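Visitor: Spelled out from the first residue to the last, the chains are:
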Amino acid sequence: MSEPVIAIRNLVKRYGRVEALRKVSVDVPPGPVGLLGPNGAGKTTLIKLLLGLLEPTEGEAMIAGCDPSKKADRIEVRKRIGYMPEGDCLLPNTTGVELVTTLGRLTGLTRDDALARTHEVLDYVELDEARYRPVNEFSTGMKQRMKLAQALVHDPEILLLDEPTNGLDPKGRREMLALIDDLGRKQGKNILLCSHLLHDVELTCDHVLVMNKGEVVETGNVAEMTKEDGLSLTVTVDGDAALLRKTLVASGLGVEDRGDKLLVQLGPEAEDADQVFLAAAEAGVALTGVEPVKSSLEQVFLRAVGATAGVATEQTKEELA
Amino acid sequence: MKASTHTDVYRPFVGELKSHPRRALVLARAGIRVSFKRKLPALILFSPLAIACIVMCFRVHFMFTLAEQVSGTPNGPEAAMMVTQIQALLGDVVQNIFQFVQQSSWFVLIVMAWYGSGQIAEDQRVGANLLYFSRPLSRLEYLGGKFLTVFWFGFLAMVLPCLLICMVATFASPEWSFLKEEWDAILNSILFGVLWVSTIAIFVLAISSLTSRKTYALVGSAGIVFGTRALSQLLSGLMDDARPSILNLFQNMERVGEVLFDVTLIRGRAISVEASLAVIVLIWVVSLYVVTERIRRMEVVA
Amino acid sequence: MSVIVQARELGRWYGEVVGLNDLSVDISPGITGLIGPNGAGKSTFMKMLVGELRPSRGTVQVLGHDPFANRELYSQLGFCPQQDALYDHMSGHEFVAFCMRMAGFRKREAQERAEEALRRVDLTDVMHRRCGGYSKGMRQRTRLAQSIAHAPKLLIADEPLTGLDPVARLHTLELFRELAAAGTSILLSSHVLHEVQSLTEAIVLIHRGRLLAQGTVPDIRKLLSRIPRRVILRAREPRRLAEAALALDHVDSLSFTLDGEGLAIETRDLEGLCRWLPAKASELRAGIRSLESSDASLEAVFDYLVD
Numbered sequence: 001m002s003e004p005v006i007a008i009r010n011l012v013k014r015y016g017r018v019e020a021l022r023k024v025s026v027d028v029p030p031g032p033v034g035l036l037g038p039n040g041a042g043k044t045t046l047i048k049l050l051l052g053l054l055e056p057t058e059g060e061a062m063i064a065g066c067d068p069s070k071k072a073d074r075i076e077v078r079k080r081i082g083y084m085p086e087g088d089c090l091l092p093n094t095t096g097v098e099l100v101t102t103l104g105r106l107t108g109l110t111r112d113d114a115l116a117r118t119h120e121v122l123d124y125v126e127l128d129e130a131r132y133r134p135v136n137e138f139s140t141g142m143k144q145r146m147k148l149a150q151a152l153v154h155d156p157e158i159l160l161l162d163e164p165t166n167g168l169d170p171k172g173r174r175e176m177l178a179l180i181d182d183l184g185r186k187q188g189k190n191i192l193l194c195s196h197l198l199h200d201v202e203l204t205c206d207h208v209l210v211m212n213k214g215e216v217v218e219t220g221n222v223a224e225m226t227k228e229d230g231l232s233l234t235v236t237v238d239g240d241a242a243l244l245r246k247t248l249v250a251s252g253l254g255v256e257d258r259g260d261k262l263l264v265q266l267g268p269e270a271e272d273a274d275q276v277f278l279a280a281a282e283a284g285v286a287l288t289g290v291e292p293v294k295s296s297l298e299q300v301f302l303r304a305v306g307a308t309a310g311v312a313t314e315q316t317k318e319e320l321a
Numbered sequence: 001m002k003a004s005t006h007t008d009v010y011r012p013f014v015g016e017l018k019s020h021p022r023r024a025l026v027l028a029r030a031g032i033r034v035s036f037k038r039k040l041p042a043l044i045l046f047s048p049l050a051i052a053c054i055v056m057c058f059r060v061h062f063m064f065t066l067a068e069q070v071s072g073t074p075n076g077p078e079a080a081m082m083v084t085q086i087q088a089l090l091g092d093v094v095q096n097i098f099q100f101v102q103q104s105s106w107f108v109l110i111v112m113a114w115y116g117s118g119q120i121a122e123d124q125r126v127g128a129n130l131l132y133f134s135r136p137l138s139r140l141e142y143l144g145g146k147f148l149t150v151f152w153f154g155f156l157a158m159v160l161p162c163l164l165i166c167m168v169a170t171f172a173s174p175e176w177s178f179l180k181e182e183w184d185a186i187l188n189s190i191l192f193g194v195l196w197v198s199t200i201a202i203f204v205l206a207i208s209s210l211t212s213r214k215t216y217a218l219v220g221s222a223g224i225v226f227g228t229r230a231l232s233q234l235l236s237g238l239m240d241d242a243r244p245s246i247l248n249l250f251q252n253m254e255r256v257g258e259v260l261f262d263v264t265l266i267r268g269r270a271i272s273v274e275a276s277l278a279v280i281v282l283i284w285v286v287s288l289y290v291v292t293e294r295i296r297r298m299e300v301v302a
Numbered sequence: 001m002s003v004i005v006q007a008r009e010l011g012r013w014y015g016e017v018v019g020l021n022d023l024s025v026d027i028s029p030g031i032t033g034l035i036g037p038n039g040a041g042k043s044t045f046m047k048m049l050v051g052e053l054r055p056s057r058g059t060v061q062v063l064g065h066d067p068f069a070n071r072e073l074y075s076q077l078g079f080c081p082q083q084d085a086l087y088d089h090m091s092g093h094e095f096v097a098f099c100m101r102m103a104g105f106r107k108r109e110a111q112e113r114a115e116e117a118l119r120r121v122d123l124t125d126v127m128h129r130r131c132g133g134y135s136k137g138m139r140q141r142t143r144l145a146q147s148i149a150h151a152p153k154l155l156i157a158d159e160p161l162t163g164l165d166p167v168a169r170l171h172t173l174e175l176f177r178e179l180a181a182a183g184t185s186i187l188l189s190s191h192v193l194h195e196v197q198s199l200t201e202a203i204v205l206i207h208r209g210r211l212l213a214q215g216t217v218p219d220i221r222k223l224l225s226r227i228p229r230r231v232i233l234r235a236r237e238p239r240r241l242a243e244a245a246l247a248l249d250h251v252d253s254l255s256f257t258l259d260g261e262g263l264a265i266e267t268r269d270l271e272g273l274c275r276w277l278p279a280k281a282s283e284l285r286a287g288i289r290s291l292e293s294s295d296a297s298l299e300a301v302f303d304y305l306v307d
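Chains P, C and H, in that order, give the protein sequences. Following this note's numbering, the numbering of the first sequence begins with 1 at its first residue and continues without gaps. Following this note's numbering, the numbering of the second sequence begins with 1 at its first residue and continues without gaps. Following this note's numbering, the numbering of the third sequence begins with 1 at its first residue and continues without gaps.
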């Protein structure tokens, strides 16, 4: 694994009696990384600690080689991070261009650079003429783009994105995911993406971090975690499923019924599904789907947070305050 | 020409970030721009002040031209008389300025409360502090930016008109005598204006930082100032004593102004100038404490 | 009853802004997904169904009644609004019990029903705390509890999954299945299409205030015959397969994925292709590893219909 972007050692954060983070130690690799966990797992606390918006009770969190709990480092590190908060947070009566320009200049861009960058990032997020309108007239989708644009204006190497697809309709969500995918995989940004939609993380991230009850309970590569086991297939049949089943069993394969589909166990040395197609040809049925069984990120996640108990672990704000 | 295509959608930034940008100024500029977007309140709030200022300018101008006409051609003892006359006039101008300041002060308060009360409250309401403090912006710079924004409106409402009146007096007075002989009055009016405006600015910001609604902050800051004023008048009336006027911010400011401009509006004041200054310092200390504490929380428990 | 919601030429304007325009739709019992882009009119439609808004034109019948200001109907309807409508000073239990009192239950029963509903949304642990301290997900679930506590015949839920974490999402989807199995009809809106599809095949798709499609997802896909079906194969020998597929006259186009292992076939006759494939693949020893015809998903159908 290459040099970690974020290195966390024994990080503890307590709010009064409640421990929001309990001795977290984890290395976050470069590239797009998903941060998952039930509400109250400590994700937001972690992000705020990384930005220096919270002081750790114990331990340290290093981001891009800086320690945000030190004042000098905090200012330095914030130049290299772009943060897209979850809430609305756009000031009314400000136009899109004004807002991004001002925030860019606050980060240290000169006036000219700030204007040029503003238009470039607004082009990138495809916010067209709307950029000259006040942000309070924006739709949810435009607001989310706007928030991404302001996080990108100073071209940071690290992006912290908190629920970027919240409230978006299917089209808006896909476009936002395409942007995040491009940033992480083509533009080489290091992304920490918080989302409740495991699907979003599966599409855009190479790596995930699962948190629960203030601890990191699982980390790993998405592709490895959801790898196909290569041994079983889900087969969707259009035609006489029972006949196909009989034929498959006759050729020595294990078959189970899964609703209207068949779960087929291949032999250990099988590299492809030729046996299944052969059986289908013999049985004279059509196949509309042949998919290798792989564990979804959802299963990985539920396993990691201990499935059903998860809901009861959520804490109210009062407990956290 | 060599053919090339530039289809990359995202372009990295190649320039450099300034290490010490004047962030407070950037923030203030943005704040002022946004506040001035709504034209009607600006018109309503500033036009009375503008009218008062223009009237004052004319009055000062007329005083000098009249004096010149009346005195006619100067020779002998008449010349000496004219000098005394003009000197009296110059004193009058100073008093005029002070009167203007004194009369417009409550209006300036409303202007600043109007523009200032949203400054921090609105940021808290929408959560914009997350956008600001995730950037290399220190709390001091944030406070500075907000302070400059509110100060600017006070400056426009109070200090600028004073300077205008002084300028008119300078040009209208014979041989720049106003500038030569009463230059300290110009300085004093700037000083007094800045003192008043900055005190109100920090006070309004402190109230603004306590709520997340602009209207609450507006009602709060105006309410406190006018409420204490009413209270002091009531107490003075009941006790038949002028000392409760120490509660009245306007009275304290007047007291300081009297000393600065060397004029006396009310003889035998119950409060000493030291006491008035102490009250103003107290307002500063409390407001600064409140506002810095609240901003610290905006950054850390944002 | 075969139709629980019947709308005829339903329209609603907000001043000059159109909320819903000429919507005619019949909704059958069971779970129905109401989908559409932001601003399509989903919330407007739902508010008219629960009688919160009066139609500007047209008629709507819910469970055989006109819902506007119809108190009798309210006891059979559950509504989970999108707006964050909770009293911060009340506890979750107090709030739901209060809603039940409003619905006409006696104090004792209201409390029991509140308790039971909150148990079903997994809020038993925190139900006696103030709502002001709840997280977004908890508030969402409290609103849901309020809408199911009186065991309505029809539950109308506007984006009930928004703000929920993955575990809570799963539980809520499960709860909907249980309710449906017990005979409650559910109309829910959501932007997360694969979750809707995991619940139901029956959808109503609206766009710009108008009905764009209704029915089950496969049926709707079949109606879109002008758009060729897309099949993606991953195989050891994709080019040999492609060569053979070229001879089929219902195949419109063939393309390879960048890694050279995938083959996308667009066809006007999906069944024909799927019948042809097994024999041909075995004959060619093409080494197919996977076969998917993903464009029959709700996501794909949505994309085809909403550009």
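Be aware that a few hints might be false.
To be verified - Within a straight-line C-alpha distance of at most 25 Å, the following computed DMTMM-like cross-link-like pairs (lysine to aspartate or glutamate) qualify:
no., chain 1, residue 1, chain 2, residue 2
1, C, Lys37, P, Asp88
2, P, Lys261, H, Glu174
3, H, Lys136, P, Glu202
4, P, Lys171, H, Glu178
5, P, Lys261, H, Glu201
6, P, Lys186, H, Glu195
7, C, Lys18, P, Asp67
8, P, Lys294, H, Glu299
9, P, Lys294, H, Glu159
10, C, Lys214, P, Asp67
11, P, Lys143, H, Glu159
12, C, Lys18, P, Asp274
13, P, Lys70, C, Asp8
14, P, Lys171, H, Glu261
15, P, Lys294, H, Asp259
16, P, Lys71, C, Glu293
17, P, Lys186, C, Asp8
18, P, Lys261, H, Glu178
19, P, Lys79, C, Glu258
20, P, Lys143, H, Asp219
21, P, Lys71, C, Asp8
22, P, Lys261, H, Asp269
23, C, Lys37, P, Asp128
24, P, Lys227, H, Asp219
25, P, Lys171, H, Glu271
26, H, Lys222, P, Asp260
27, H, Lys222, H, Asp307
28, P, Lys171, H, Asp219
29, C, Lys214, P, Asp73
30, P, Lys70, P, Asp88
31, H, Lys136, P, Asp260
32, P, Lys261, H, Glu195
33, P, Lys227, H, Asp22
34, P, Lys143, H, Glu174
35, P, Lys246, H, Glu271
36, P, Lys261, H, Glu299
37, P, Lys143, C, Glu122
As the list claims (entries may be wrong) - Pairwise CB distance ranges, derived in the manner of DEER restraints:
no., chain 1, residue 1, chain 2, residue 2, range
38, H, Leu223, P, Lys294, 25 to 35 Å
39, H, Arg210, P, Asp128, 18 to 28 Å
40, P, Val12, C, Trp284, 44 to 54 Å
In case anyone wonders, no lab produced these hints; they're calculated from the structure. None of these values were measured; they are calculated from a predicted model. For every residue, glycine included, the Cβ atom is placed at its ideal position computed from N, Cα and C.
Visitor: Is Lys171 (chain P) within 25 Å of Glu178 (chain H), Cα to Cα?
Guide: violated (30 Å)
Visitor: Could you say whether the range 25 to 35 Å given as a hint is met by the Cβ separation of Leu223 (chain H) and Lys294 (chain P)?
Guide: holds (32 Å)
Visitor: Can the restraint linking Lys261 (chain P) and Glu299 (chain H) be considered satisfied, given a maximum Cα separation of 25 Å?
Guide: Satisfied, since the Cα-Cα distance of roughly 21 Å is no more than 25 Å.
Visitor: Given the hinted pair Lys71 (chain P) and Glu293 (chain C), is their Cα-Cα distance within 25 Å?
Guide: Holds: Lys71 (chain P) and Glu293 (chain C) sit about 17 Å apart, inside 25 Å.
Visitor: Next pair to validate is Lys171 (chain P) with Asp219 (chain H); report whether the Cα-Cα distance is within 25 Å.
Guide: Judged against 25 Å, a Cα distance of about 22 Å means the pair holds.
Visitor: Does Lys261 (chain P) pair with Glu178 (chain H) here, judged by a C-alpha cut-off of 25 Å?
Guide: It holds: about 23 Å lies between the C-alpha atoms, which stays within 25 Å.
Visitor: Hint check: Lys171 (chain P) vs Glu261 (chain H), CA-CA at most 25 Å. Holds or violated?
Guide: This hinted pair is violated, its Cα atoms lying about 29 Å apart.
Visitor: Within 25 Å, alpha carbon to alpha carbon, are Lys171 (chain P) and Glu271 (chain H)?
Guide: violated (29 Å)
Visitor: Just to be careful, I want the Cα atoms of Lys70 (chain P) and Asp8 (chain C) compared with a cutoff of 25 Å; is the pair within it?
Guide: It is violated: about 38 Å lies between the C-alpha atoms, which goes past 25 Å.
Visitor: Taking only the CA atoms, is the gap from Lys186 (chain P) to Glu195 (chain H) under or equal to 25 Å?
Guide: Between Lys186 (chain P) and Glu195 (chain H) the Cα gap is close to 29 Å, so the pair fails against 25 Å, i.e. violated.
Visitor: Check the hint pairing Lys136 (chain H) with Glu202 (chain P) against an upper bound of 25 Å on the C-alpha distance.
Guide: Given pair Lys136 (chain H), Glu202 (chain P) holds - Cα atoms ~24 Å apart, limit 25 Å.
Visitor: Are the Cα atoms of Lys246 (chain P) and Glu271 (chain H) separated by 25 Å or less?
Guide: holds (22 Å)
Hint compliance for this structure: hints 4, 6, 9, 10, 12, 13, 14, 19, 20, 21, 24, 25, 29, 30, 31, 33, 34 and 40 are not met, and every other hint is.
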